[in-house]
Structures are given as C-alpha cells and as structure tokens.
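Enquirer: Here the structure of chain A is known, so what remains is to put chain B in place on it, guided by the hints.
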Amino acid sequence: GAGVSQSPSNKVTEKGKDVELRCDPISGHTALYWYRQSLGQGLEFLIYFQGNSAPDKSGLPSDRFSAERTGGSVSTLTIQRTQQEDSAVYLCASSFGTGYGYGYTFGSGTRLTVV
Amino acid sequence: GQQVMQIPQYQHVQEGEDFTTYCNSSTTLSNIQWYKQRPGGHPVFLIQLVKSGEVKKQKRLTFQFGEAKKNSSLHITATQTTDVGTYFCAGPQGGSEKLVFGKGTKLTVNP
Chain A
1431 GAGVSQSPSN
1441 KVTEKGKDVE
1451 LRCDPISGHT
1461 ALYWYRQSLG
1471 QGLEFLIYFQ
1481 GNSAPDKSGL
1491 PSDRFSAERT
1501 GGSVSTLTIQ
1511 RTQQEDSAVY
1521 LCASSFGTGY
1531 GYGYTFGSGT
1541 RLTVV
Chain B
-6 GQQVMQIPQY
4 QHVQEGEDFT
14 TYCNSSTTLS
24 NIQWYKQRPG
34 GHPVFLIQLV
44 KSGEVKKQKR
54 LTFQFGEAKK
64 NSSLHITATQ
74 TTDVGTYFCA
84 GPQGGSEKLV
94 FGKGTKLTVN
104 P
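Note that the protein sequences, when read in sequence, are chains A and B. Per our numbering, residue 1431 is the first one in the first sequence, and the count goes up by one each step. Per our numbering, residue -6 is the first one in the second sequence, and the count goes up by one each step.
Just chain A, same shape as in the assembly (with noise of 0.2 Å):
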C-alpha cells in the first residue's frame, strides 16, 4: 500500500480483556517496529521484526505483550489481561532499513484505552 495501515484506529476495552492490534507495513520494506506512546511522552520502543531474523523483544513491558509479523508483511500486536497503565497510542512503522537514508514511516496509530 502507499502508507502503513494500522487498525483499528481507537480501541476501548475493558481491564482483563486480550486486544490485537493490527499493523500493515508498506511493501518491500524489511523491518517493521511497534513503538508505544502515551499522552505528551516520547515514544517507547517495543519490539523490531527485520527479514527472517528473530525478533528483538527487549522492549516488551511484560509477558502480557506478544506480536508475531506473518509472511513478512502483516504484524500483530497481543495485549493479554489489559490493565489501565496499557493505555497509550501504538504506533507500527517500517522502513528498507536506515542505511538508506529513508527513516522509519509510522502508521497513524491505535489509540488503546482501558477502562
């Protein structure tokens, strides 16, 4: 696609209930990377997909937090037993990788609210 799709756009769920957000990166790029931001705070990183290698989770807050990229292409990212502090915008970018001088493209993010 032209951009990186992120669906869906804004989720409301309840504390303890499992959410899958969904990240579409742009075709032919590598890598792909979710990162968490939360209300006027910079951006966390949370875990890096690049080609065929393992990912790097380093960044995951907790065993709550998994994702798997499919293919190469689409990632999902699970939150289990959601609690109030998970509430954030996620944000999946991807890029052919920095030495290209292209940067990562974001998608416009799920805004993820746990009440």
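Wrong hints could be hidden among the right ones.
In silico EDC-like links for lysine to aspartate or glutamate, alpha-carbon gap of 20 Å or less [claimed, not checked]: (1) A:LYS1441 x A:ASP1486; (2) B:LYS96 x A:GLU1474; (3) B:LYS29 x A:GLU1474; (4) B:LYS52 x B:ASP11; (5) B:LYS50 x B:ASP11; (6) B:LYS99 x A:GLU1474; (7) A:LYS1487 x B:GLU90; (8) B:LYS96 x A:GLU1515.
Derived CB-CB ranges, DEER-like [said to hold, decoys possible]: (9) A:LYS1447 x B:THR21: 17 to 23 Å; (10) A:ASP1448 x B:GLN2: 20 to 26 Å; (11) B:GLY9 x A:GLY1446: 49 to 55 Å; (12) A:THR1460 x B:ILE40: 19 to 25 Å; (13) B:THR74 x A:GLY1446: 25 to 31 Å; (14) A:SER1503 x B:ASN103: 40 to 46 Å; (15) A:THR1460 x B:ASN103: 41 to 47 Å.
No lab work stands behind these hints, which were simulated from the structure alone. Note that the Cβ used here is the ideal one computed from N, Cα and C, for glycine as well.
Expert: Coordinates of chain B only, in the frame set by chain A:
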C-alpha cells in the same frame, strides 16, 4: 543503556522568530534522524544525518550533526504557524536498526 536527550522540552515563539532544539546521545551514533509530529498526528521522517559535522538544509530548517557524532541540532528560521508540533531526534541503538527516540521538543508558534 543508550540515552538520547533533547532540550528544551517546550518552546513558545512568536511567528517570525527563530527556533532551535538540541539533541545529545550518551553514545556515538552511526546516524541521527529527525521526525516531526503534528498535534494529533504521527511522527513523520524529516531527515537523516550520517557524516561527522554534516549540515543539511530543507528550506527554513537546518540540521547539524556534531563532529563527535553524539549531538545534533535542528534550527528553524523565521517560524511559521505550520511549524507547530513536536520535533524528535532519534539514533540507532548499537548496531541495530532499532531507534532510540528523544522525548521531543514541543514547539508552539503564536501568530
């Protein structure tokens, strides 16, 4: 771990005034990137600097990468209301493609 710090956190200017935000890394960077996030929007890539001492211009925006490749700055000449937003710098962590972002400088412009 690697840290990227930005100052100031907030900057309010009158339209037409200049604006500068500064970025410092705790480690030497292979490159540094700048992003702009408009209110309610998502970060948008502006530029990547790679070489020591590099200076790049985009219209009224001037980006610099320090000689030691640990600091950078973004300068906007004669700000306009369209410049409003949060400006983030980011650098790769270690040898990976994963970026560590600064906390950003939020710019407001009074018309």
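Enquirer: A separate judgement is required for each hint: does it hold in the structure or not?
Expert: For each hint, the structure was consulted:
1. A:LYS1441 x A:ASP1486: Since the Cα atoms of LYS1441 (chain A) and ASP1486 (chain A) sit roughly 26 Å apart, the hinted pair is violated (cutoff 20 Å).
2. B:LYS96 x A:GLU1474: holds, 9 Å
3. B:LYS29 x A:GLU1474: Holds, at roughly 16 Å.
4. B:LYS52 x B:ASP11: Holds, because 13 Å separates the two Cα atoms, which is no more than 20 Å.
5. B:LYS50 x B:ASP11: holds, 15 Å
6. B:LYS99 x A:GLU1474: Holds, at roughly 17 Å.
7. A:LYS1487 x B:GLU90: Holds, because 13 Å separates the two Cα atoms, which is no more than 20 Å.
8. B:LYS96 x A:GLU1515: Measuring from Cα to Cα gives roughly 19 Å; hence the hint holds.
9. A:LYS1447 x B:THR21: 17 to 23 Å: violated, 44 Å
10. A:ASP1448 x B:GLN2: 20 to 26 Å: violated, 35 Å
11. B:GLY9 x A:GLY1446: 49 to 55 Å: Distance hint for GLY9 (chain B), GLY1446 (chain A) holds at roughly 52 Å.
12. A:THR1460 x B:ILE40: 19 to 25 Å: Roughly 21 Å apart at Cβ, these two residues keep to the hinted range, so it holds.
13. B:THR74 x A:GLY1446: 25 to 31 Å: The hinted range 25 to 31 Å is violated for THR74 (chain B) and GLY1446 (chain A), with Cβ atoms some 44 Å apart.
14. A:SER1503 x B:ASN103: 40 to 46 Å: Given about 45 Å between the Cβ atoms, the range holds.
15. A:THR1460 x B:ASN103: 41 to 47 Å: holds, 43 Å
When the structure is compared with the earlier hints, violations turn up for hints 1, 9, 10 and 13 and for no others.
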